[in-house]
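From first to last, the protein sequence lines stand for chains A and B.
First residue of the first sequence: 60, per my numbering; consecutive thereafter.
First residue of the second sequence: 31, per my numbering; consecutive thereafter.
Simulated from the structure, these hints should not be mistaken for laboratory data.
Hints may contain errors.
Here are the simulated lysine-lysine pairs, DSS-like style, with alpha carbons at most 30 Å apart [as the list claims (entries may be wrong)]:
(1) A:Lys480 with B:Lys323
(2) B:Lys326 with A:Lys340
(3) A:Lys494 with B:Lys326
(4) B:Lys82 with A:Lys533
(5) A:Lys533 with B:Lys278
(6) A:Lys260 with A:Lys97
(7) B:Lys278 with A:Lys260
(8) A:Lys259 with A:Lys340
(9) A:Lys533 with B:Lys171
(10) B:Lys278 with A:Lys259
(11) B:Lys82 with A:Lys494
(12) A:Lys533 with B:Lys172
(13) A:Lys259 with A:Lys97
(14) B:Lys74 with B:Lys326
(15) A:Lys481 with B:Lys172
(16) A:Lys481 with B:Lys323
(17) B:Lys82 with B:Lys326
(18) B:Lys172 with A:Lys340
(19) A:Lys97 with A:Lys228
(20) B:Lys183 with B:Lys172
(21) A:Lys259 with B:Lys74
(22) A:Lys494 with B:Lys74
(23) A:Lys480 with B:Lys326
(24) A:Lys340 with A:Lys480
Keep in mind it's a predicted model, so treat the numbers as computed, not measured.
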Amino acid sequence: MTAVAAPASPELRIAPTVLNRAEHTIEIVSDAGEGAQKCGQIFGAVSAKMGNGVWTVEIIPAEIQPPPRTAEGASGNRVRFGTGPVTNGGDETNLVIAFNEQVLLGRHRLGALASDAIVLLENSWATSSNPDIRSAWDKTLAELSTTSYRIIEVPMEQQCLTIDENPRKGKNMFALGLLAYIYDRSLERIDEQIAYAFRKKSEEVYNRNVALMRLGVEWAAANLDFRIEVPTHPPTEALVVMNGNEALGMGALASGMELCAMYPITPATSVSHYLAEVFSKFGGILHQAEDEIAAVGVAIGASYSGKVAFTITSGPGFALKTEFIGLAVITETPLVIIDVQRGGPSTGLPTKVEQSDLLAALFAEPGDAPRVVIAPATIEECFHVVVTARQIAETFRTVVIILSDANLSTGVQPFPRPQLKKEWLAPELDLAPVKQGQRPYEWDARTGTSPRSIPGQPGGMFTVTGLSHDEGSKVAYGAGVHQRATTMRSRKLAVLQQTLLRPAINGDQDGDLLVVGWGSTKGAIEEAVERARAEGIRASSVHLTFLSPLQPGLKEIFSRFRKVMTVEINYSDQPGDPFITEENRRRGQLAMLLRAQTLCDVDCWTRVPGEPLRPGFIHQAIRDAALTLTGARP
Amino acid sequence: MTQCAILPMLDDDEREFALGDYEGAVARWCPGCGDHSVLTAVEKLLVAEQLKPEQTVFVSGIGCSSRFPHYLKTYGFHGLHGRALPVATGVKLHRPDLDVFVVMGDGDCCSIGAAHWIHAIRYNIHMVAMLLDNSIYGLTKKQTSPTTPQGFKTNTQPFGSFLPPLNPLTTTLGTTNVSFVAQTAEWVPAHLYATLRAAYRHQGFSFVRILQRCPMYTQGMYEAAVRDPGMIELLVHDDGVVAPELDKIYRNRATHDPSDLDSARRLAEDSTRIRLGLFYRNESRARYDLLRKPPKVTSSERIALLNQELDHYAV
Ligand SMILES: Cc1ncc(C[n+]2csc(CCOP(=O)(O)OP(=O)(O)O)c2C)c(N)n1
Ligand code: SF4
Ligand SMILES: [Mg+2]
Chain A
60 MTAVAAPASP ELRIAPTVLN RAEHTIEIVS DAGEGAQKCG QIFGAVSAKM GNGVWTVEII
120 PAEIQPPPRT AEGASGNRVR FGTGPVTNGG DETNLVIAFN EQVLLGRHRL GALASDAIVL
180 LENSWATSSN PDIRSAWDKT LAELSTTSYR IIEVPMEQQC LTIDENPRKG KNMFALGLLA
240 YIYDRSLERI DEQIAYAFRK KSEEVYNRNV ALMRLGVEWA AANLDFRIEV PTHPPTEALV
300 VMNGNEALGM GALASGMELC AMYPITPATS VSHYLAEVFS KFGGILHQAE DEIAAVGVAI
360 GASYSGKVAF TITSGPGFAL KTEFIGLAVI TETPLVIIDV QRGGPSTGLP TKVEQSDLLA
420 ALFAEPGDAP RVVIAPATIE ECFHVVVTAR QIAETFRTVV IILSDANLST GVQPFPRPQL
480 KKEWLAPELD LAPVKQGQRP YEWDARTGTS PRSIPGQPGG MFTVTGLSHD EGSKVAYGAG
540 VHQRATTMRS RKLAVLQQTL LRPAINGDQD GDLLVVGWGS TKGAIEEAVE RARAEGIRAS
600 SVHLTFLSPL QPGLKEIFSR FRKVMTVEIN YSDQPGDPFI TEENRRRGQL AMLLRAQTLC
660 DVDCWTRVPG EPLRPGFIHQ AIRDAALTLT GARP
Chain B
31 MTQCAILPML DDDEREFALG DYEGAVARWC PGCGDHSVLT AVEKLLVAEQ LKPEQTVFVS
91 GIGCSSRFPH YLKTYGFHGL HGRALPVATG VKLHRPDLDV FVVMGDGDCC SIGAAHWIHA
151 IRYNIHMVAM LLDNSIYGLT KKQTSPTTPQ GFKTNTQPFG SFLPPLNPLT TTLGTTNVSF
211 VAQTAEWVPA HLYATLRAAY RHQGFSFVRI LQRCPMYTQG MYEAAVRDPG MIELLVHDDG
271 VVAPELDKIY RNRATHDPSD LDSARRLAED STRIRLGLFY RNESRARYDL LRKPPKVTSS
331 ERIALLNQEL DHYAV
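Model the full assembly from the supplied sequences, consistent with the hints where possible.
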């Protein structure tokens, strides 16, 4: 259904209907380069500041500048916000602002929009001088007229032209104004946020953007017959709001690491964009190396000679780093590696989320190369995990891999402001002489750990080597030596494992179904479990932060449920697919790991949709799994 | 050296280092291997320059030549095949106070590590990079390397190497921001030493190609040149490699001003004779290590700065 909103004179206007909602999900979609992302980011930040729970995520086309006005080229931002905390992107979108009908069509075809979605659609295309555009418009609106969306045409370009001769540049702020009116957002806070977003631009740019935003507010006030109220609760504690990659970057600053070497790769690069701006102030160096191999080599060289260093990458780059990771393991050089996962294999889905690097993170190297793997589940954890990773790497003289993903990297969520501590920072280099007689790998047989000496320390001179070696770092191929050294490196993981907490169970401590997840799916899984429990399904969930070593108690926890099932964003064969049997079925990566480690019959429900798993879909999977249980025992 | 463990009060500057202070494990190269001579020259340099063993790091890749750090008693990093330069880059970026030497084989540097080689030249970070070029893969037993002469029979190209060899000198001299390129031969110890000394004293990335005999797999490759100094042309200049003791033996001499890049490239390109000496030196090239020197920041300052950062993101 289409309605053209006509400007009404103030005295004729009826007060708008106010719809009350506990949460709402909006998106702004445009051609790439029209600034929809900025609009969404500012809206998300302002909503968080006003006291809504918020989860923002980018809608990114695969190409930088896809052809304009195409269904595949939709670019923008999606914001889910609510009165309570919001832990994930949720299901479908309730309100869309689209800068052309084609990007709207793209979102419609992806099933991104709720059936009763409100659509605010730029209508300048209807009267375009280009007959192709006019006919595309007519055709698309005809297709969409079969839906029950409420489509409201908005003359965005016509309005923006009154302020800016390039409407492509101004529509995003006009759209922000529409949202500000609809959701009653604080204009002062929006002004502040615009000032921050354009802090590198001139005063004139700021003024024009504010004017465009206010024009959007005025137009909406004069023309829309509804407003939507999502009540806010001003936050009681200090919060910060940022995306996962910024959180990783800030976590690195809080950890006191001083060197990051990387090679650009989506979706990890923005961590380095952030660090590139601020790191040197903190005494740090962001080194863009000639490739990923060099990047990890530089990080290892730096770590070897002083403070733990780190490298950031995504799947294809991680693959290149594996030989060096093995070297760091055998030389016991502390190292932190951040892998912001994307869809794979190979170049795969560069901008889209997947959790397919788990087994590579654990096992990619030839030889036995035990290392620590940690997966943050929230934006807040992205911050703190880097501090933890640095500490573990140094304490255990080991490699720590952080598995984030494309969902966390661009997801924006408020979280309690970290109360920074000096203990988080890497200590200053200690170049005191090495204790006389101390050998380079003086393994404590109880823990596998050994003190590390660095260049500059008198008396500690030795040559590290990737060859098998003894305590003295002497190359030694003897069976006994290799067995012992390999044992010592492995023992460190066992010792670390003993210090970890059992994972907390979300929901009842026992029941029919236990969902196990890791990484960015936590919010969606817990929301789905809540919904299932509300229907009477006896489901609970646990979320694993440590993947290597695995947290203690898993087997015992699993034994309290009739069925255990992982939910992951990676591939698994689906039972019932052609040729798939119990024996040949390839399972989700965490499921494989848990089966091997616990001997429990862990099932999995995994998908690779190139987008975060929606809680609604997980909910359905839980229902289906519960049904098989009751089917088995009527 | 007077043991600092015995006399811990001794000021650093009063320590005096002798050859024994730099000696590590007994070298395990084949008898007659040219790598022995390089080790001797390097030890002599360490003594002459009185480098503090704990402040000195030798980084290598994998190969016969890359065993080098084990035979010294400095800090050493025997890493991965082809990847010595990234590790050395990391060391030097994080710890500019250290003296860094890199030892690579021809497979190491010019084949598997070629990308790093090109970029290390351009970064121009202060360190000495030695290419121990025996024109063969030694450790893995006689396979063709990028610098193997055309027609030379190896285990992977038994009917003779197919292609003309890569010229490490022209490659280096052709790379943007190159700052020091020299060639020497391990069988001319005085030249080897003088070259390494010049390389060490150069402020920037010093690339030294050392022609190296491998009696095991390329026996005879340099035999004629060893016997007949007339086959070698020394590049001489007051600003170049200066080794007056060679004057009487090496009579083929060409005066070459190491600041002249065009002439350096011409001399390097011409393969009719073996030229030893300093091809190019330029200390005014951009240095990545100097450009990337961050300030020292205390932990209180860090926390204050990070709190300012968090303020930008505060709700
Ligand atoms: C990634 C990798 N590929 C291959 C090897 C096997 N390998 C070890 S040394 C070497 C070549 C050695 O030749 P060179 O670098 O010229 O050194 P040399 O032994 O002649 O001193 C090769 C191919 C390896 N160690 N690592
Ligand atoms: S094989 Fe050749 S390079 Fe290797 S140690 Fe023997 S002589 Fe030297
Ligand atoms: Mg060789």
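Structure-based check of all given hints:
no.	hint	in the structure
1	A:Lys480 with B:Lys323	holds, 26 Å
2	B:Lys326 with A:Lys340	holds, 9 Å
3	A:Lys494 with B:Lys326	holds, 28 Å
4	B:Lys82 with A:Lys533	holds, 22 Å
5	A:Lys533 with B:Lys278	violated, 44 Å
6	A:Lys260 with A:Lys97	holds, 14 Å
7	B:Lys278 with A:Lys260	violated, 70 Å
8	A:Lys259 with A:Lys340	holds, 18 Å
9	A:Lys533 with B:Lys171	holds, 23 Å
10	B:Lys278 with A:Lys259	violated, 67 Å
11	B:Lys82 with A:Lys494	holds, 18 Å
12	A:Lys533 with B:Lys172	holds, 26 Å
13	A:Lys259 with A:Lys97	holds, 14 Å
14	B:Lys74 with B:Lys326	violated, 35 Å
15	A:Lys481 with B:Lys172	violated, 55 Å
16	A:Lys481 with B:Lys323	holds, 24 Å
17	B:Lys82 with B:Lys326	holds, 24 Å
18	B:Lys172 with A:Lys340	violated, 51 Å
19	A:Lys97 with A:Lys228	holds, 11 Å
20	B:Lys183 with B:Lys172	holds, 9 Å
21	A:Lys259 with B:Lys74	violated, 56 Å
22	A:Lys494 with B:Lys74	holds, 28 Å
23	A:Lys480 with B:Lys326	holds, 19 Å
24	A:Lys340 with A:Lys480	holds, 18 Å
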